[in-house]
Structure formats: structure tokens, C-alpha cells
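Enquirer: Each chain is listed here by its residues.
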Amino acid sequence: MKHLLLFALLAHHSFAAFDVSTQETVTGTVKQVDWTNPHIWLWIDVPNENGGVDTYGFEGMSPNFLARRGWTRTTLKTGDKITVSFRPMKDGSKGGMFMTGQMADGKVLSMMGGNDQGTEK
Amino acid sequence: MTMLFALFISSALAATGSAQQFTQKAPTPADWTALAKLPDFTGVWERVGVGAGGNPVFGTPPAAGNRGAAPQRGAAPAARGAATAPLFTPQYEAMRAAAAREPQPEDNSTANCLPPGMPGIMGQPYPMEFLLTPGKVTVIIEAYTQVRHIYTDGRTLPQDPDPKFFGTSIGHWEGDTLVAETVGFSDHVQLARGVPHGDKMKIVERFRLTDPDTMTIETTITDPVVLAKPYTTVNTLRRHRNWTISEYICEENNRNYVDQSGKAGINLTVPGTQKKD
Numbered sequence: 001m002k003h004l005l006l007f008a009l010l011a012h013h014s015f016a017a018f019d020v021s022t023q024e025t026v027t028g029t030v031k032q033v034d035w036t037n038p039h040i041w042l043w044i045d046v047p048n049e050n051g052g053v054d055t056y057g058f059e060g061m062s063p064n065f066l067a068r069r070g071w072t073r074t075t076l077k078t079g080d081k082i083t084v085s086f087r088p089m090k091d092g093s094k095g096g097m098f099m100t101g102q103m104a105d106g107k108v109l110s111m112m113g114g115n116d117q118g119t120e121k
Numbered sequence: 001m002t003m004l005f006a007l008f009i010s011s012a013l014a015a016t017g018s019a020q021q022f023t024q025k026a027p028t029p030a031d032w033t034a035l036a037k038l039p040d041f042t043g044v045w046e047r048v049g050v051g052a053g054g055n056p057v058f059g060t061p062p063a064a065g066n067r068g069a070a071p072q073r074g075a076a077p078a079a080r081g082a083a084t085a086p087l088f089t090p091q092y093e094a095m096r097a098a099a100a101r102e103p104q105p106e107d108n109s110t111a112n113c114l115p116p117g118m119p120g121i122m123g124q125p126y127p128m129e130f131l132l133t134p135g136k137v138t139v140i141i142e143a144y145t146q147v148r149h150i151y152t153d154g155r156t157l158p159q160d161p162d163p164k165f166f167g168t169s170i171g172h173w174e175g176d177t178l179v180a181e182t183v184g185f186s187d188h189v190q191l192a193r194g195v196p197h198g199d200k201m202k203i204v205e206r207f208r209l210t211d212p213d214t215m216t217i218e219t220t221i222t223d224p225v226v227l228a229k230p231y232t233t234v235n236t237l238r239r240h241r242n243w244t245i246s247e248y249i250c251e252e253n254n255r256n257y258v259d260q261s262g263k264a265g266i267n268l269t270v271p272g273t274q275k276k277d
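Residue numbers (the numbering used here), protein chains in the order written: chain A, 1 to 121; chain B, 1 to 277.
Heads up, a few of these hints could be off.
Said to hold, decoys possible - Facing chain B, according to a computed beta carbon distance under 7 Å, are these residues of chain A, among others:
1) SER14
2) ALA16
3) ALA17
4) THR25
5) THR29
6) GLN32
7) THR36
8) ASN37
9) PRO38
10) THR55
11) GLY57
12) ASN64
13) GLY95
Unchecked claim - Below, computed lysine-lysine pairings styled on DSBU-like, alpha-carbon distance capped at 35 Å:
14) LYS77/A with LYS200/B
15) LYS263/B with LYS31/A
16) LYS94/A with LYS229/B
17) LYS164/B with LYS202/B
18) LYS200/B with LYS25/B
19) LYS164/B with LYS25/B
20) LYS263/B with LYS90/A
21) LYS229/B with LYS202/B
22) LYS263/B with LYS202/B
Claimed, not checked - Over 12 Å on every C-beta distance to chain B, these chain A residues come out as not near it, computed from the model:
23) GLU24
24) THR74
25) ILE82
26) GLN102
27) GLY106
It is worth saying that the hints were derived from the structure and are not from the lab. Using N, Cα and C, we set each Cβ at its ideal position, and we do this for glycine too.
Produce the entire structure from the sequences given, and follow the hints as far as they go.
Expert: What follows is the structure, encoded as C-alpha cells:
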């Protein structure tokens, strides 16, 4: 059992699984959105060289955090086209930590949310 | 001597008994009215520095040895969380130094959805709400859906409390400042990696409004065995009148984990498929 540090200010867990020194990008179609705690998960189908798709998993902030900063559970919907910038998994698995997403209409989604949009000024 | 000893035993028993058997009196209309004279702690508060674009806990590589505890924008220097490390007594400083030389675990048990203990639970990047009722201040903490109970009804701290993540708290008002005293912490609470707390560790929190929508919480930890001197930090919170506390059921879809060896990982099994081994 690992003990809890006194001033653990992390949202929920460490960055150990992610390579935070780099950022990668994939473009695909939203397969599924898990609007769940402790983190949202975005599953994106990305075309591969074999004519099929690989499903990537991206971890985001919590719905609680995002809902206060301009996101809703329908901000991203199944079938949406999106280009995701992410911190990749260190072990090379398909996925990572969501940073930003550019939608087909040019709108950019940030995992930090907007400027308290929909909340207070 | 015998008599003194007997006196000690009986008073200890009495103290234990009163702590366990304290009966909260039924509030009177005057008790409810008296609440109106207290500062307005109502509503939902969040630590300064969590907001859009300023959250140190996501998307920013953690600083070595100070993971995730980046300076909080807009906070006083003293509010910078773990920026200043506690000063340990020689024996425990040796313990800390030895632990620091060991391979470091990649994560702690919050990855497995155990909540942080005190005072870490008060520094989460999620809001909290204060409820003032006669004889009690209740803190509803969104992170991990937790609750703290601070009794202001005149009861005393227990002499031999059961260890708990959040300890056992009593409080009183000094003017416009709520002073909460907490004792009795679970072994999950450590003062640094590899450094346990002592049985006599005590946390005193001073909550006060510095302007109508700003609260500071000055937290002082004393531990006569482990800490060479009291350790004090200050957190600044901002009130958001148009927020509500939401649920945070960590087990809902937790794909993070840390194992016994300290190895952290993520379950990337695509929903609807079998996990690949």
C-alpha cells in the first residue's frame, strides 16, 4: 500500500504513464465519449495503413472540472471528426493524455476549458 | 502517588467517555439566530490557481520533487503548498533522506481512488462547500465525494482517537475566524514520502474571509516527535456563487492504478472489447 503524501495536489493520479516531454497528433472520428469521473475518456477511431481503424483512448479532466469551464457531455459526439494533440503513453499504447482537439469546423477544444465560459465573469 | 494516579486514570476515562458519548443538544431558535452573526462561509469555494489555463495539475510536466505543487497564481508566497518543505527532527530527517534515496513510487493510492488524508484533501483542484449549523461546521469536499465534520458545540478532542483519514475535528470561533483543531490521523497520512506522522500530530486550521469572496485557510501542523518546528501553509480560496457541488465517484470509470511496488499504469482497454494481456 502506497501512502498518501500530505500535500498531494494532483487531480487524481500521477503523470507516470505519459511522456510529458513530447506531444503527438492523430486525426480520426469520435467512437465514444465517457463523460465519467475521475476522468473523461475519449475513444477515437484513427484510420490505419491496413484500411481499418485503430482505436485510441485519451484521458481528460473530470466532467466536474470541465462542466465549469465550457464543456458539456455533448461537446464531443460520436461521429465527430477531430484532430487530437496528446501526451503519448510511454509504453507506446495507442492513447495518452488529451491536450487539445481541433474540430472539423476549426473550433479548438482545450482540456483546460475556456475562460470560465458559462460560469462567472 | 496512588491517589494522583487514580485521579489521572479517572480523568482520562472521563475525557474518553465524554468524547465518545457527547450528546449534541437540540438547537434552539436562538442557536439558529446566532449563526447570522457569523461570517458568511456559505457557497462553493475553490482554491485559487485551479481555474482555466492556470491549473498546475494537468498538462504541465511536474517539477522534480514537488510534483503537481506548482506555485498558485495570485496566492501569497506562503500559499505555495509544499514549496517549503517541513523541517524534521534529526531521526525523521534521516528517515526522509533514506526514503529519498530509494526508487520512488510512480504514484500513491489516490490513483486507486483512496482519498488523500488531511490536510491533502483540503488542497484538491475541486471545490468545497461549507455548511454552518448550530454546533457544527460541515465541509463538503467534491474531490472523492468526501465530508469533514468540525464540531463547534463545545465538546473536547478525544484523548485516544481512532486513526482516520481526516482525523477528528473540533472548532471554535475567534472573532470572525473559525479555528479547527484536528487529531488522530490514519497511517495513510505522511509528512513526507517515507516519513510517518507521530501519534501527537495536530493540525490547526484558521478559516477567515479576507474579502467578501476570498477565504484563506492557514494550516499549521505540529508534531513534537517528527517535526522540528510547526509547519504552516496558507491556501487561498475563491467563492463561486453560481457553482454547485457535483458528485465525484472515483470508482465510476477509474482506469488508473498503482500496484504494491509503486508501479503506476493505465488500463487502455477499448470499451466493449476484451482486455489484452
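Enquirer: Confirm or reject each hint.
Expert: So, going through the hints one by one against the coordinates:
1. SER14: 4 Å, holds
2. ALA16: 4 Å, holds
3. ALA17: 5 Å, holds
4. THR25: Violated, about 15 Å.
5. THR29: 14 Å, violated
6. GLN32: 6 Å, holds
7. THR36: 4 Å, holds
8. ASN37: 5 Å, holds
9. PRO38: Hint on PRO38/A: holds, closest Cβ of chain B at ~5 Å, below 7 Å.
10. THR55: With a minimum Cβ separation of about 5 Å from chain B (threshold 7 Å), the hint on THR55/A holds.
11. GLY57: Interface hint status for GLY57/A: holds (5 Å vs cutoff 7 Å).
12. ASN64: 5 Å, holds
13. GLY95: Since the shortest Cβ distance to chain B is 5 Å, the answer is holds.
14. LYS77/A with LYS200/B: 53 Å, violated
15. LYS263/B with LYS31/A: 30 Å, holds
16. LYS94/A with LYS229/B: 48 Å, violated
17. LYS164/B with LYS202/B: The hint holds at about 13 Å.
18. LYS200/B with LYS25/B: 30 Å, holds
19. LYS164/B with LYS25/B: 25 Å, holds
20. LYS263/B with LYS90/A: Given pair LYS263/B, LYS90/A holds - Cα atoms ~13 Å apart, limit 35 Å.
21. LYS229/B with LYS202/B: Between LYS229/B and LYS202/B the Cα gap is close to 12 Å, so the pair holds against 35 Å.
22. LYS263/B with LYS202/B: Given that 35 Å is the threshold and the Cα spacing comes to 32 Å, the pair holds.
23. GLU24: Non-interface label stands for GLU24/A: nearest chain B Cβ at 14 Å, farther than 12 Å.
24. THR74: 17 Å, holds
25. ILE82: 17 Å, holds
26. GLN102: GLN102/A is indeed farther than 12 Å from all Cβ atoms of chain B, at 16 Å.
27. GLY106: It holds; GLY106/A is separated from chain B by about 20 Å at its closest Cβ, greater than 12 Å.
Figure legend: structure checked against the earlier numbered hints; hints not met, in rising order: 4, 5, 14, 16.
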